[in-house]
Amino acid sequence: MTPADLDLRQYAVQGLVQQAGFMALDYFNKSESLGVTMKGAQDWLTVADGAVEEFLRQRLAVMFPQDAIIGEEGGGEASDAVWIIDPIDGTSNFARGDRNWCISIGFLLNGVPEIGILAAPALGEIYVGRKGRGATLNGEAIKVSGQTDITRAYVELGWSTRIPAERYVAMIGRGYAAGASVKRGGSGALGLAHVANGRTEAYAELHINAWDVAAGVVIAAEAGAFVSDFFSGNGIAKGNPILCCTPGLRRELEQVIQIGSGPASD
Numbered sequence: 008m009t010p011a012d013l014d015l016r017q018y019a020v021q022g023l024v025q026q027a028g029f030m031a032l033d034y035f036n037k038s039e040s041l042g043v044t045m046k047g048a049q050d051w052l053t054v055a056d057g058a059v060e061e062f063l064r065q066r067l068a069v070m071f072p073q074d075a076i077i078g079e080e081g082g083g084e085a086s087d088a089v090w091i092i093d094p095i096d097g098t099s100n101f102a103r104g105d106r107n108w109c110i111s112i113g114f115l116l117n118g119v120p121e122i123g124i125l126a127a128p129a130l131g132e133i134y135v136g137r138k139g140r141g142a143t144l145n146g147e148a149i150k151v152s153g154q155t156d157i158t159r160a161y162v163e164l165g166w167s168t169r170i171p172a173e174r175y176v177a178m179i180g181r182g183y184a185a186g187a188s189v190k191r192g193g194s195g196a197l198g199l200a201h202v203a204n205g206r207t208e209a210y211a212e213l214h215i216n217a218w219d220v221a222a223g224v225v226i227a228a229e230a231g232a233f234v235s236d237f238f239s240g241n242g243i244a245k246g247n248p249i250l251c252c253t254p255g256l257r258r259e260l261e262q263v264i265q266i267g268s269g270p271a272s273d
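Each residue of the sequence shown is one higher than the last, beginning at 8 in the numbering used here.
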């Protein structure tokens with residue numbers, strides 16, 4: 008695949024994600040029509056999740072029929088060229104009227120994240136990352152904070168029902184003991200984006216799925232973050248832990264999170 012092929016995908020899907028954002032925002036503003044159900048404990052689902060994913064799938068299939076598609080709601084199989092979609096990341100926030108949610112699309116080529124596009128329409132924000140070309144928020148270049156003192160760091164720790172609560176609580180305890188300010192925002196994709204634009208210094212989770220991070224890992228890495236090698240060990244199918252942080256805090260946060268980072272972008 009040539010750089011021109013990647014350019015076409017990036018710019019076409021930026022417009023597509025904006026359209027999906029308007030669609031999702033319309034649902035968000037009409038909360039009585041959300042049709043909220045639960046897939047499991049703290050695993051929310053609304054009619055918007057399915058509708059937005061179906062919209063994206065249909066358009067992508069027409070624009071790039073040779074590419075595979077994986078979505079949180081509809082599944083799918085990976086191939087050399089694959090789009091990974093989270094139609095609403097932060098569904099619990101979305102369902103409760105909290106604006107901290109987004110639409111996330113990442114493109115992988117031969118297992119390498121190449122393009123990440125993330126729209127947070129309720130916040131008026133669109134993030135774009137392209138491997139080797141930097142990251143932007145609403146068209147302006149972004150960079151990580153550069154903080155090196157963990158006692159001044161804002162660290163977001165995501166939570167998964169796949170991990171025993173004791174491990175999560177212990178991780179939080181280590182974070183506080185190290186002097187970090189610990190938070191949880193309810194959207195892993197936005198958590199990565201907030202590291203990229205310097206609003207926080209780190210995002211970590213002991214298990215997260217590919218659709219939650221496929222866009223954010225490109226955006227964060229291109230903004231200068233250290234990002235652990237999420238897609239190793241079949242992360243695209245099984246999920247993996249993740250650590251994303253401003254580079255000056257990497258070693259200290261690896262001790263706090265205790266997931267092991269493997270090879271990744273420094």
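By construction, these hints were calculated from the structure, which means they are not laboratory data. Only a predicted model underlies this, so the values are computations on that prediction, with no experimental measurement involved. Do not take every clue at face value.
Stated by the list, open to error - Calculated pairs, EDC-like style, for lysine to aspartate or glutamate (alpha carbon to alpha carbon, straight line, at most 20 Å):
(1) Lys190 to Glu259
(2) Lys138 to Asp74
(3) Lys190 to Glu173
(4) Lys138 to Glu61
(5) Lys150 to Glu173
(6) Lys190 to Glu80
(7) Lys138 to Glu261
(8) Lys245 to Asp14
(9) Lys245 to Glu132
(10) Lys138 to Asp156
(11) Lys190 to Asp236
(12) Lys138 to Glu259
(13) Lys245 to Asp12
Quick check: which numbered hints come out false for this structure? 4, 5, 6, 7, 8, 9, 10, 11, 12 and 13
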